[in-house]
Amino acid sequence: MIDSPSSVDALLRVADLVVEYGARAATVRAVDGVSFDVRRGETLGVVGESGCGKTSVAKALVGLQRATSGSIHVADRQVNASPPPTRDWLAKRVQMIFQDPISSLNPRRRVRDIVAEGLIARGQRGDDVTAAVERILAEVGLDPADVADRRPGEFSGGQCQRISIARALVLQPELLVCDEPVSALDVSVQAQIINLLAEMKRRYDLTLVVIAHDLAVVKNMSDRVMVMYLGKVCELGPADDVFARAAHHYTALLIDSVPEAARPVAGDSRTAAEMPSLFDPPSGCAFRTRCPAAQPVCAETPPPLRAIGREHAVACHFPATSPVGVGRRP
Amino acid sequence: MTASAPGAGGAAFLAVEGLTTVLGAAGGNSVVAVDEVDLRLAAGDTLGIVGESGSGKSVLVRSIMGLLPDHATVSGRVELGGRDLLTLGRKEREALWGVEIATVFQDPMTALNPVRRIGVQLTDPLRYHLGMRRREARTRAVELLAMVGVPAPTRRMEQYPHELSGGLRQRICIAIALSCSPSLLIADEPTTALDVTVQRQVLDLLAELQGELGMTMILISHDLGVVRQQADTIAVMYAGRIVEQAGADALFRSVRHPYTRGLLQSTPRLEDPSHTPLTAIPGRPIRMTSQRVGCSFAPRCALAQPVCAEVLPPLLIDGHDGHEHRAECHFPLEVEHVAPVEPVASPVRAPA
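Protein chains in written order, with this note's numbering: chain X, 1 to 330; chain H, 1001 to 1352.
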């Protein structure tokens, strides 16, 4: 685990998190020893392709998936301890919004009830609840008088995502976990939701964990970025550094693969073979089967995450960019 | 509209004129899903069609193929290699599918039959359309799998779709589409369901095969970046109409339509620093209606004037790089506008 200034005022601390699915004979390790901190007020972006474990991390953070081992601390309290903190304690601190805004809202309930549910579960009643619901709906850009008594089916994907954000923020959490918050939305609507989350973050002093497969979305929203591959962290660092000076060959492959309107794609896609199966992960470094820089040692020893710059760490034996101080703590 | 559309170097291989598709039962609610679309595509070229959900891009290509439900009414002209497709009878049209025109769809899992082996799905078109015998078809199917870069092709013949990754499934869909050497390949969001590194592989594969086989291609995507990388000309659709159309480089160098610029400005870009503010397009894509009055984009447009809501916008045509640049707008953006473009208005916060 990398010691960094972020440890000082960390709202979220994750250490050696392991999430496994399945029974004894067919166990898949979706998250394999992941450690990171998120300090208060920061946005950490988690990026990677299908099967990299990013959603399993998100689910473990909010308690939707049991961690097989490792620890998750929120505000210095271990949330996967036994006994766990109460549901209410966690709900006040951590909330989540999901990828598909329409299916994550109960179609039979009115928007007012959907947003109020957390408050009611907490024991609040009456005018306080109504006022809080109407205030948060207005803040996410919806007109309470117009939307509160309608049901999710009457709204577009972008509007449903605003309702999801209202449902999460009405409880005034400290940490908001966003799993693919814009990937189901139309291009012209994505920017509205990205801007809204940035505004809500400022207004409520939120700490965000944003999980997405779209590199440009993650870069735009994040202060720091964590790149995952087959359940492990490849690279972790400030967003601008990671994208400007990708140290892990997987990060570089991801960046080169993005087709953008403004520039041609680089490199040769034929070097990029298929992702290995989680049931049978490669020995040593998980990325070695697709890595242009792989050496024999990569098949033998899993590379540890080590610092290569200020807050910038990489898990690679032969990083692509090696500023002064490779292998040593800055 | 008599002027030739972009990409019309010589004789067009595919020519679409005034294509209009109305969906809906007679007397009931009907929508104009495709509204007076003109396209010309030279043989061997790639046309990219960009639009959001509901913009009509999929209905447009289905109208070209004749692959629409019975309640659809199609008018206009579609000529492929000199043949008028809209006047063909059902039998003649079906004979084109898979042979002249082939399609690759978005979701390879639903495009493949889940309970039949890959080999059967690949040999079916070879035997049906080309009259190959079983053994001959199998040999050809293995060749096709190798051509699209599927490792261990002989073993894949015996597998079912669920045993394969999304990228491999899409390669198999491409192999099936190419099995009868179509002259026109329609790829409808072929990489949307795929991871970014796999997307790159599939797009490179399509470009490579297109070059080898001399196919003409229509590539549909919601992603401007995908289309930019692959297409010779790009058409931007909004509410059933092509609002802007130009050569790929010209479109991004000098954006004319406020909607196209809005799409570019609202998309985060990797080369921008983190937390770069995005200029969102307010509102959301409109539903297509049967009556079009004025510009469909006007309610969301920062540059809209009263006239935009009342009068159909004029079609502006000028050319550069041997391609025409067309835009339908009352107040088009300046001609030599170099991307990245400057925001014209502060982000308007409005319900999505």
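Note that these hints are calculated values from the structure, not bench results.
None of these values were measured; they are calculated from a predicted model.
Glycine residues also receive a C-beta, built at the ideal position from the N, C-alpha and C atoms.
Please note: incorrect hints may appear among the correct ones.
[As the list claims (entries may be wrong)] Derived contacts from chain X toward chain H, CB cut-off under 7 angstroms, selection only:
1) LEU215
2) ALA239
3) LEU278
4) PRO282
Exercise. Check each numbered hint from earlier against the structure, then list the numbers of those it violates in ascending order.
Key: 3, 4
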